[in-house]
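**Q** As you go down the protein sequences, you meet chains A and B in turn. Following my numbering, the numbering of the first sequence begins with 1 at its first residue and continues without gaps. Following my numbering, the numbering of the second sequence begins with 1 at its first residue and continues without gaps.
To be clear, the hints were calculated from the coordinates, so they are not data collected in a lab. Fair warning: there could be bad hints in the mix.
Cross-link-like lysine-lysine pairs, in silico, DSSO-like; alpha carbons within 27 Å at most [as the list claims (entries may be wrong)]: (1) B/K74 - A/K9; (2) A/K3 - A/K69; (3) B/K176 - B/K128; (4) B/K107 - A/K9; (5) B/K63 - B/K138; (6) A/K10 - B/K74.
Computed list of chain A residues with no C-beta within reach of chain B, every gap over 10 Å [unchecked claim]: (7) F82; (8) P87; (9) I159; (10) F178; (11) T209.
No experiment lies behind these values; they were computed from the predicted model shown. We treat Cβ as the ideally placed atom computed from N, Cα and C, and that holds for glycine.
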Amino acid sequence: MNKILAIAKKELKTYFKSPVAYIVLIITISVFNIFFFLIINENREATLRDVFKVMEFLFVFIVPLLTMKIFAEEKFSGTMEFLMTTPTTNTAIVLGKYLGSLIFFTLIIAMTSSYYFIIEFFGQPDRLAVVTGYLGIWLEGALFIAIGILTSSWTGNQIIAAISSYVILFLLYFSISFVKYSSGITETLIRYIGTWTHAENFSLGLIATSDMVYYLSGIFICIILTRLSIENRLWR
Amino acid sequence: MIIARSITKYFGGFKALKDISFEINKGEIVGFLGLNGAGKTTLMRILTSYLPATSGTVIIGGKDVARDSLAIRKKIGYLPETPPLYSNMTIRDYLKFAAQLKDVPLKRLCVQVDRVLEECNLRDSQHKTISTLSRGYKQRVGIAQAIINEPEVLILDEPTSGLDPVQILQVRNLIKNLEYKRTVILSTHILSEIQQIAQRVLIIKSGEIVADDSLKNLLKDTELNLEDVFLRFHAKN
């Protein structure tokens, strides 16, 4: 556990020592703020449902920028050899890196908590729906990060890692568009694989077991695959 | 201390190491000597468990590298050819991070970091960011991380490559000061380095050991220097 925390701490420090992280943070929050005020002004409702939708959409573009360097940079700079020759398990390495990114992502989400206080001040929001909505986008971001870390472990090139992430996230996020061209099991499958329907439930105040299973199993599978990916030198 | 038996390593269809066997006793300082691409780095990576051998076994301190990889990694300090450094960290932060990953108890963490900073002559620069350091300093930080957990075996891959003469001397002296405490394996293609540091030489050519003897024996009964001996072995095989 100490090693997981040490790696997470190092990852977090790396974010804050890089100007990219600050730029991403400032741009993200600025864009969120603009959309928040536009949506509230337009809808005149004390709900964050549409704000969550915008956040979810923007995370598809932001998360690969945060995760592309996680393993790709280690591979490129040769520090991967250092990590892998210390008495640290591959699981601890992956979990440490995942935790570091997740904390940074949580910070971004936390910075939007003022939205709740604003709508609480001007109206009577459904508090439960706000809490579950936040849980939903946090879980979605956690899944996106797990996917980003997986693609970063495939290559020593950060650009390739980011593009691979975008491909997977676009497929997951926009898969809902293919529903109208499908029916039966295919439609059910597309609906289940796509992130859209799962996040939607959370923003409505619903915590369904199937949605939790979707996110948690997705994260778990990505972490396992990342572990296997960083071990692949052992099979060659 | 280290027993390697019939180590063979393939990369696809390329045979990088061919049936290599040797034994290294505790406290020995052994030099792997060979041209670039001879297989020195691959052999070192197998010893550190970073790469698995295609066939053959490596036993370190009675434990199989392939089966007890984690236990082996606790015994080993490794400096790859390019020092594995995080450029945005300070020297001290990096060494603390390395110590945590290498199971240095939390209570002893600062003591160990101070010790290696002293040993590698880095105390005055400990708060400098690694990206601002010269190549020689980076190499010393690389060595410092390798010895932070007081390993029984120290494996150094081309520890002086790319350094200027003054830096080479500094790193060489540093290695010499470390050697009395532990088994040291270093690879190089610089003959004078082996002559000054190692007691025993393994000459590796195209993935095979073509000579394995003490420096004394290799240079015995001959007017030749190590360079001539090395070239002779290369020409012979």
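**Q** For each hint, tell me whether it holds in the structure or not.
**A** Hints and how they fare:
no.	hint	result
1	B/K74 - A/K9	holds, 22 Å
2	A/K3 - A/K69	holds, 20 Å
3	B/K176 - B/K128	holds, 26 Å
4	B/K107 - A/K9	holds, 19 Å
5	B/K63 - B/K138	violated, 32 Å
6	A/K10 - B/K74	holds, 21 Å
7	F82	violated, 3 Å
8	P87	violated, 4 Å
9	I159	holds, 19 Å
10	F178	holds, 39 Å
11	T209	holds, 37 Å
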